[in-house]
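Chemist: For reference, the chains in residue letters:
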Amino acid sequence: MIDLARRVAVQDLVAHYGGLLDREDYQGWLDLFDAAASYRIAPRENIDQNLPASLMLCETKKALTDRLVAMLKANKYRPIVVRHVIGAPELIEADGERVRAQAAYSLYHVDGDGHAELYSIGCYDFRLVFVGERAAIRDAVVIVDSFLIPTLLVKPI
Amino acid sequence: MIDLARRVAVQDLVAHYGGLLDREDYQGWLDLFDAAASYRIAPRENIDQNLPASLMLCETKKALTDRLVAMLKANKYRPIVVRHVIGAPELIEADGERVRAQAAYSLYHVDGDGHAELYSIGCYDFRLVFVGERAAIRDAVVIVDSFLIPTLLVKPI
Amino acid sequence: MIDLARRVAVQDLVAHYGGLLDREDYQGWLDLFDAAASYRIAPRENIDQNLPASLMLCETKKALTDRLVAMLKANKYRPIVVRHVIGAPELIEADGERVRAQAAYSLYHVDGDGHAELYSIGCYDFRLVFVGERAAIRDAVVIVDSFLIPTLLVKPI
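Residue numbers (our numbering), protein chains in the order written: chain A, 1 to 157; chain B, 1 to 157; chain C, 1 to 157.
You may find that some hints are simply not true.
What the hints assert, rightly or not - No farther apart than 20 Å at their CA atoms in a straight line, the calculated lysine to aspartate or glutamate pairs in the EDC-like style are these:
#, chain 1, residue 1, chain 2, residue 2
1, B, 155, B, 95
2, C, 155, C, 125
3, A, 155, C, 48
4, A, 62, A, 45
5, B, 155, A, 45
6, B, 73, B, 111
7, A, 155, C, 45
8, C, 62, C, 139
9, C, 155, C, 133
10, B, 155, B, 48
11, A, 62, A, 111
12, C, 155, C, 113
13, C, 155, C, 31
14, C, 155, B, 45
15, B, 155, A, 48
16, B, 61, B, 95
17, C, 155, B, 24
18, C, 73, C, 24
To be verified - Sample of chain B residues with no beta-carbon within 10 Å of chain A, all distances over it, derived:
#, residue
19, 54
20, 60
21, 87
22, 125
To be clear, the hints were calculated from the coordinates, so they are not data collected in a lab.
Computed from a predicted model, the values in this text were never measured in an experiment.
Note that beta-carbon positions come from the ideal geometry of N, C-alpha and C, so glycine has one too.
Please take these sequences and the hints and turn them into a complete structure.
Modeler: Printed below as a string of structure tokens:
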């Protein structure tokens, strides 16, 4: 197992992940990722059946950065705000410097009239590395249970 | 109060509870329960008025195991996946080896078309015991605020 | 940064905040606030644009107490129960005796027929002080992303 300080670092990472996206602090969000990070969004049934198709796949941090820039440009035409409510992270594996943690999320999109809809629910599956006592995301897989197609991927999940 | 290691054990238990159900790891879920465990699901108003009626009552771990097997058979006919988003556990009482903790939950059911609905919201009311530093559920009461009757109890909450 | 015990105190505070409101323990809820506390509910866009308008503003704990009494009287005419599902608190600033923490919430209202609706989603923005190892709310800002106007402010958020 990992010590309490590192467990807290995992909790912090998950809390920051949602908070930074909700505050649209995308640079801060990118900074949660390790230099060798990957980011994938995939439907749950693809994950369960080991199917390779993804809704989004960025195999490098540069690809993720580029994709984020593209998303934010598209987003100018349809202003929405987002809110992540994320459950406590579950330690799936914890082995020295590497930790795998999952956390269920519910993600809401709110339009300009203040109408909220449940945009996506699912689970973050993070493989984390530690930089000192700080946790960073090496590989993020967003396991999507459900989503509204029309607005998919206007912003990261 | 209880020490930090045991508080973390309570957080872990709650995170595992939701994660194991979401991953359909029912044996792992059963293993969260103490050998002398009970499990009850009841509407909030029955709990508030001390009415004995339950939506489900398993007074022993064997009864819970049997009920789970029955549920899973019924479930073959209506495939759904579930996702629990659970708030942080609140320590209601903490007295040496015994802890009472509550945690609000929202439970989503997702059908084969990727359509999610809020299936149930409510609160877990757990009385926990410790086995070393690990927490186990002695008595679980699932306090249900709302639910969709048609599919009730196809899976544990 | 703050030590582990105080971090746990922040987590506790947030968990109690939701739990006490859900159990309608309003005195307990008021006790979470420091004697010099303020409480404000405001739409997210007002917060983002630094607009002063609020949905509710109590600049003193006495004002909050009075407002709560008024709410509870109004509430007699429309019984609802509430459930808060709150994400883990994110430490925004932590500087000695003062901590600023944010936590996303989803708040459900359930009517007498057991029908739940998402009443409000948003984020708590708490400025906390410590009394020994216990955290208390100095200034609470409830940042509301969405809400149902007709029943607004029947109960605190």
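Chemist: Next, verify each hint and record whether it holds.
Modeler: Right, here's what the structure says about each hint:
1. 155(B) with 95(B): Not satisfied, since the Cα-Cα distance of roughly 32 Å exceeds 20 Å.
2. 155(C) with 125(C): Holds, at about 18 Å.
3. 155(A) with 48(C): Status holds; Cα separation ~19 Å.
4. 62(A) with 45(A): Judged against 20 Å, a Cα distance of about 28 Å means the pair is violated.
5. 155(B) with 45(A): holds (19 Å)
6. 73(B) with 111(B): holds (17 Å)
7. 155(A) with 45(C): Given pair residue 155(A), residue 45(C) holds - Cα atoms ~19 Å apart, limit 20 Å.
8. 62(C) with 139(C): holds (14 Å)
9. 155(C) with 133(C): violated (29 Å)
10. 155(B) with 48(B): violated (24 Å)
11. 62(A) with 111(A): violated (30 Å)
12. 155(C) with 113(C): It holds: about 19 Å lies between the C-alpha atoms, which stays within 20 Å.
13. 155(C) with 31(C): It holds: about 17 Å lies between the C-alpha atoms, which stays within 20 Å.
14. 155(C) with 45(B): holds (19 Å)
15. 155(B) with 48(A): Measuring from Cα to Cα gives roughly 19 Å; hence the hint holds.
16. 61(B) with 95(B): Distance of about 24 Å is beyond 20 Å: violated.
17. 155(C) with 24(B): Violated - the C-alpha atoms of residue 24(B) and residue 155(C) are around 37 Å apart, more than 20 Å.
18. 73(C) with 24(C): OK: residue 73(C) and residue 24(C) at ~13 Å, within 20 Å.
19. 54: About 26 Å separates residue 54(B) from the closest Cβ of chain A, which puts it past 10 Å; holds.
20. 60: Nearest chain A Cβ is 27 Å from residue 60(B), so the label holds.
21. 87: violated (7 Å)
22. 125: Non-interface label stands for residue 125(B): nearest chain A Cβ at 17 Å, farther than 10 Å.
Of the numbered hints listed earlier, those contradicted by the structure are 1, 4, 9, 10, 11, 16, 17 and 21.
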